[in-house]
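Enquirer: All chains, please: the whole structure from these sequences, using the hints.
Protein chains: 2
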Amino acid sequence: MNNYKLRFVPLGGVVGVTKNMYLYELYKDDRLTDILIVDCGIGFPQEKELGVDFIIPDISYLADKKDKIRGVILTHGHEDHISALPYHYRDLGSPQVLTSKLTSAFIENKFKEFKLNIRLSQIDYDKEYRLGAFSVSFIRLTHSIPDTMHLFIKTPVGNIYHGPDFKLDLTPPFGSPPDFKKIVEAGSQGILCLLSDCLGAEREGLTLSENAIGQTFEDEMRKTKGKFIMTTFSSNISRIRQCVEAAIKFNRKIVFLGRSMKENTRMASEIGYLPIPHNFLIEDKEVPKSPANKICIIAAGSQGQYDSALSKMANNKNQFIKLVSGDKVVFSSDPIPGNETEIYALIEQLSLIGVEVIYPDIQEQLHASGHGSQEDLKFLVRFTNPRYIIPIGGTVRHQQRYQKLTSDLGYQKDKVLMLAEGETVVFVKNNAYKDKTVETKNIYVDAYGVGDVGNVVLRDRKTLASDGMVVALVIVNNQGQLISRPRLISRGFVFEKEESDLYQKAVRAMEKSLKQKGQSQAVNLNNLKKEVIKNLEDIFYQEKGRKPLVVVEAIQI
Amino acid sequence: MNNYKLRFVPLGGVVGVTKNMYLYELYKDDRLTDILIVDCGIGFPQEKELGVDFIIPDISYLADKKDKIRGVILTHGHEDHISALPYHYRDLGSPQVLTSKLTSAFIENKFKEFKLNIRLSQIDYDKEYRLGAFSVSFIRLTHSIPDTMHLFIKTPVGNIYHGPDFKLDLTPPFGSPPDFKKIVEAGSQGILCLLSDCLGAEREGLTLSENAIGQTFEDEMRKTKGKFIMTTFSSNISRIRQCVEAAIKFNRKIVFLGRSMKENTRMASEIGYLPIPHNFLIEDKEVPKSPANKICIIAAGSQGQYDSALSKMANNKNQFIKLVSGDKVVFSSDPIPGNETEIYALIEQLSLIGVEVIYPDIQEQLHASGHGSQEDLKFLVRFTNPRYIIPIGGTVRHQQRYQKLTSDLGYQKDKVLMLAEGETVVFVKNNAYKDKTVETKNIYVDAYGVGDVGNVVLRDRKTLASDGMVVALVIVNNQGQLISRPRLISRGFVFEKEESDLYQKAVRAMEKSLKQKGQSQAVNLNNLKKEVIKNLEDIFYQEKGRKPLVVVEAIQI
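Sequences listed follow chains S and B, in order. So for the first sequence, the numbering used here puts the first residue at 1; every next one is plus one. So for the second sequence, the numbering used here puts the first residue at 1001; every next one is plus one.
Keep in mind the hints are simulated off the structure, nothing from the lab. Since the model is a prediction, treat every value here as computed from it, not as a measurement. Where hints are given, some of them may not hold.
For lysine-lysine, the following BS3-like pairs were computed, each having C-alpha atoms within a straight-line distance of at most 30 Å [as the list claims (entries may be wrong)]:
(1) B:1404 - S:413
(2) S:404 - B:1249
(3) B:1068 - S:249
(4) S:101 - B:1181
(5) S:154 - B:1181
(6) B:1415 - S:249
(7) B:1404 - S:404
(8) S:404 - B:1181
Chain B stretches covered by chain S per the calculated footprint, using a threshold of three residues with CB under 8 Å from any CB of chain S [what the hints assert, rightly or not]:
(9) 1022-1033
(10) 1184-1197
(11) 1201-1212
Over the 10 Å line for every Cβ pair with chain B, so calculated as not near, a few chain S residues [to be verified]:
(12) 7
(13) 187
(14) 206
(15) 291
(16) 379
(17) 408
By construction, the Cβ of each residue, glycine as well, lies at the ideal position given by its N, Cα and C atoms.
Expert: Right, here's the structure in full:
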């Protein structure tokens, strides 16, 4: 066995919470033989205000290795674990994909949108799957989405327990509780390394069961005289199901609003995960026909997103549904850090209309995290009893808190490996060490497509956001001589009218600079532009202490 | 298999919390073949103020069955699980006793005090033990005393998981965490019935780990300029060990005070469960020779018991140890219900001296319950996945709360059997029903011995406590005629001096009554006594509205 080596390569997910993508590479005699990929999700960048929709993992490291890829496993159906796959699927060599029932439905739908085929197998929990030299069994776990799994991966070097996003929910409102038997059995076969979710490592105790929320929905619905509106993540099928069940109990018709909400609930219904009696499901245009206290609206927009279904209602932009006093909006989700401003603005707007708004700050048991707290995390360690541990799915502070927890469980610091993105770990028999780092970069996706939002664009957007932009139009002849006076257009820099002196000065500087250049015959427009930019930047900085984005458009006639 | 029947008989422990003693009876063709006894502990009666020290289970039901007893298993070393065994051992036919290491040390010591031999085997966790038709394996659990076990009992009718007092402590300061592997493996073999501790069923979440207390001891010790005194249950070896470890860290010599504390810590030390460097252990008489800040006293008396080691110090009755301002007393135990008055009086007394007193009301993490809270209890159900459940070790309200918990886990009410003492359950293949009740009574033990404190004595003590006593001395001749004037002696009724009118009246009434009786020849002294008692009771009730205990001593000369 000594000629085998296992290398763990996180292409994402280790410090950024989202954008989960992990590689397990097996080497025999230092030759790469097999790669197993776990998850391929999108990430949510800090720079979201700059027009970036999301980021996807950088798989350029895999470019010359795709013949070694034995399969992709998706652990659950959240965006940050599955949604990058359609972008990369062909570049990965269109490998087989294995996942659970709900995740299958979600990923199939995504591939359909991309007009792509996928080689997809829905796994059987009772089977063990051979993927190259890897042997994988799937373990039922609980999270904020049904059909969440952990993986028990046997390799020639040792056994890996891959334990992403989970909590130990003993009373899931839908689906089975965690399969403790399989977890512990995996543990009893000897675990070389546990990879564990660590996002909840700062919270004491055990995470609240998802089923605590169902009672809250009933209690709130009972007290609501008008329309009942619930908003949460559209992937949280269990949560939505509990709201649906309460609505049926109180004889309220159900309306799904928002594209993702409609899509996800439709898919969940199709596979039997969200049963709704036929006459209970209505469209928004039917709402005005029913009494307000017979309506339950389940809407996307819990993060205060601009133009979300909820936001539209709050701003009276829904053609059919008008919110009024007596209606109640329940936010059954915690703010994702960074979204607080938008969420509170939305709550403010709803309150203004006279709608009663219930959100986790003012009412407990409205949202249960999908991630295990300290005790959930400790249980997993005790169950699996690993030799090494790698915390995944959290930021550095979560990793550090997790390390402290495991030290209470008796783990030395050198047994708990905290990784940055691209930082790899090599396992040999009974041993592990950090190996060289794989270079990765963020690939930004915005409305225009993949990857065309480079770092330069982002830097520009940042500059625009802070210092504005100045565009200089320069028209020159073949000799680079100015044909007309340069023009300056600015936005977000200084108010042009009030600063005409500055602009005059800038124009004069350009004229001067260009006249000097105009003497040579073959003018290099690019050099000319650079010259002008430098010139203008200097003037603006000297005069205003600011560095607007300066763009020079030189036209040669 | 259909000719087998298993009957569960709780001789104690099901509603009274303490006095744990359970029988498993196996019948073949309705003939009793084997009995397994689990635990044999003492109980703490409500009537403790009446001079009763404790109660023991009533084993008269077993009188004609002792040849069927295949063994006694003690699940852990607490008094309410082991301490009645010496009283009953010979009446049970001196059966073999199986238990863990620390419990062995404790029970052996008890038998020594009783000058009794015991057939004792210390169990091996890796073995399965055949006891008649039962096959028992032992599972490591955690509680407030090391070496606590659960039992997996295979019977011809089905498998029983016997799960008394426990919490799921992932970080026990001493010993192993619960053996999740064995628990879950037991579950995967199919459990007909789980018997589960239910005392913590009212508390949300998971119970605090015992190891949280160690840090608190260190923090408190660091801040203490004078002597550090800790009091807890003397059986809580883990707690004591944490205090000892903190003392060693702060270079404080350790003094154990109180008979039970000295005994238990000596036994624990002998088997290696409480290592103390030799020069760290001193006697109380050596305390005055050391600086106060180099002393750590671990004393019995956490329940405010009269004449306990702590109480004696508080009342300046310890010859060598004087408590002064700057000393600190830490109560690392919650009050057992009913003891609050004594405890707060003791805290008051200590505070008066100027000692700083720290107790759970004012400081968290001073005491961790030994019993699992709601989540611990739910985990055990999920791990074992039983068909039936019997909550044990709690009162009726704990049983009911436990039933609610299990209903959240999907258990119908008819699957959770709540038993009163003596109420039995019969198991046949895949089925269970309540069977006829075994009559039991409380057997009271006080300083004078076993069982001589009957219900009459208790009723008298209650009367004495509330209304006092009057003794009438009557001396009569053979004809029942009064030879001298009757005398009345009273205590706790009315003050004799101030109420001489009343006594005169009572004496006259006796004289009158006895003169009437004096006419018959052969006087019946018993009837005479009853007559006088009735007479006096009537007078006292009419005049004072009270019913003292009236005792007539009639002497015939």
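Enquirer: So which of those numbered hints doesn't the model satisfy?
Expert: 1, 3, 7, 9, 13, 14, 16, 17
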